[in-house]
Amino acid sequence: MLKYIIKRLLLSALILIGVSFLVYVLIRCMPTDYAEQKIASMNQNQAVSEEMKEQIYESYGLNDGIIDGYMNWLGKLCKFDLGNRFSNNRPVVSEIKDHMGISFIIAFIATVFEFMIAIPLGITAATHQYSIRDYVVTVFVMIGISLPSFFFGQVLQSIAPALGLPTAGFGNASTSNTGFAKLIEYVPYLLLPIFLVVVLSIGGRMRMTRTNMLEVMNSDYIRTARAKGLSERKVIYKHAFRNTLIPLVTSLAGLLPTLFSGAIITEQIFGLPGIGNIALAATLSGDIPFIMGYNMFLALLSILGVLFSDIMYAIVDPRVKLS
Amino acid sequence: MENTDNKDLSSEAMEEALDKNVRLMSPGRMVMRRFFRSKLSIVGLVMIVALFVFCWIGPLIYTQWEAGEMDTTTDRMVYKTYEQTYTDGDETHTFYTVTERPVMLNNLAPPDSNHPLGTDNNGYDNLARLMQGGKISLVISFLSVFMITIFGVVFGGLAGYFGGIVDNVIMRVCDILTCLPGFPILLIVGTALMAWEEKGYLSGQYRIYFLMGFLTLISWAGTARLVRGQILTLREQEYMVAAEAMGYSTGRKIFKHLVPNVMPQLIVSMTLSLGSMILYEASLSFLGLGAPEKYAAWGTMINSGAKPELFLDYMNIWVPPGLCIITAVLGFNFIGDGLRDALDPKARR
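Protein sequence lines, in the order shown, are assigned to chains A and B. Sequential numbering from 1 applies to the first sequence in this note's numbering. Sequential numbering from 1001 applies to the second sequence in this note's numbering.
Derived by calculation from the structure, the hints in this document are not laboratory data. Please note that the accuracy of each hint is not assured.
[To be verified] Now the in silico label distances, taken between C-beta atoms and shown as ranges: (1) A:Leu191 - B:Lys1039: 33 to 43 Å; (2) B:Phe1142 - A:Gln129: 31 to 41 Å; (3) B:Asn1168 - A:Arg319: 20 to 30 Å; (4) A:Ile132 - B:Lys1307: 54 to 64 Å; (5) A:Glu54 - B:Tyr1086: 49 to 59 Å.
[To be verified] A few chain A residues facing chain B, derived, Cβ under 10 Å: (6) Gly203; (7) Ile264; (8) Ile303.
Cβ coordinates follow ideal geometry from the N, Cα and C atoms, glycine included.
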């Protein structure tokens, strides 16, 4: 097991290098980089000499070739330095750390609700397969899957005033509450985004529970359990549901990226200062260190997510052997 | 098989009776029958057909306005008031001047008989744009799913069939591609394309096609994995040994014997990804990276109605395209679900 994990981790490092190179090349292919935009904005006030241009490029490390620039970035990474953001000159790591909190809170609460709602729905749909109940649940969650987040976000925003909730933004700077009262103040700003995320994600989880539950309900040991006269309740919750837990628990580990990566569009619509919204702004302005840092962070999360769910699978299901 | 109650017949007679009563069905027909038995798949099919009719036949009937045509005919007037105050000794006089000027652009018109869905901020007719946008979205989603499938089948097929070093290389590339964060990468490429347009290398009309082309380049890994996995199990089957013994060429073995057997799973995943492609395209357009405003796409239309000062009062701009997106994605998801059940060899219904 330990040998397997080490092997996987080494392979992951190689994959991450591949990903970082691809992302870096793509970013540098953007014809307007941050320095060029800066020069353009300076040009409005005064003429910029060639030397100054040169200097600006130098200060952002953009006058090297793509390969040199990449090697430079990689070398810094080995010292755990992701560089500073162009726009406000703060270290990328602390920028990511500062804005991750709000994205994590939204994703975490949404995930808890998602599991609490989707699993019972999946079980009823499976135990009443092809009944009215199954169809109604299926249609509703399918509509949830099909909703474009930006459209549904806008619908929520247009009913927000009627519910007495703020349409966008985060926190009210004019109040002077501190501590717990300050936290309470943030709650109304988070309700709609969390609701949006829950509605969009219930579908997948419910379908997964339903499929697994159906598979288990058709197996021989369930027939045996029924044949020896157990109550239907016991058959479903004690015998069938426990085995559907295997894929559910495994997918819990795969949730790692969704918890931390932030939802770009949701945060953009509701004007939340989460990591997704910051990443969108950074991408549009060509802020290379932050884009690199954010994308590598996402790639690392998704690699770890896959690795954890494989390990989890071996832990939960004793029949599975890692090799 | 309705003769279950004829238990006392001799086996010969029973065979004869069975022969008369059993209708032979090809696998294709069985799949069709199972597919159409599910109400949801029929609903999905109807939704998609309706959208196609709306987008392609619609413009032939609704010819009053074209998607890129601004409505400049209006008798609305703009009134502007100017206020002027001056003091004469201890008396203050205020003069009001009111000017009347015709509006040059019939924008933000409410729905009426001329514009069934009103016009948007630029004076474009919403209904005509809705049809035009649907064409773009549907064509793009079909094209990109088609491309992803081709890449996936070719690379997955090669990896699964040859194994060894070919398999290793292709699978490592797949690993890298699955770890690429898709949406942020598309944002980067989208901004790059926009900057290229400013320099005049590209026309904005085709930006979304380039973007989705790039998306296909980075998202074939899932399909390739699926095809490879199938081929690895199929390779060991007896009929493949037979094909080997017959001395068929490699191409024939892969594309004539292996790929058709992967098709069922492939069709299901293709249908389901049609919906997600529409969502991708719409999200990109919503962020302003997709089709520019003149060439409407559904996402662009929602974006143009999303301005904070507009979206509460002018729901006729952004609600219809949103409903269209939901219809399309839901339709594809229903069909995909129905196909999955119909193509499942273990299914009993």
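The hints, checked one at a time:
1. A:Leu191 - B:Lys1039: 33 to 43 Å: Holds - the Cβ-Cβ distance for A:Leu191 and B:Lys1039, about 36 Å, lies within 33 to 43 Å.
2. B:Phe1142 - A:Gln129: 31 to 41 Å: holds (32 Å)
3. B:Asn1168 - A:Arg319: 20 to 30 Å: This hint holds: roughly 27 Å between Cβ atoms.
4. A:Ile132 - B:Lys1307: 54 to 64 Å: Taking Cβ atoms as reference, A:Ile132 and B:Lys1307 lie about 43 Å apart, which means the hint is violated.
5. A:Glu54 - B:Tyr1086: 49 to 59 Å: Cβ of A:Glu54 to Cβ of B:Tyr1086: about 58 Å, so the range 49 to 59 Å holds.
6. Gly203: Holds, about 9 Å.
7. Ile264: holds (6 Å)
8. Ile303: holds (6 Å)
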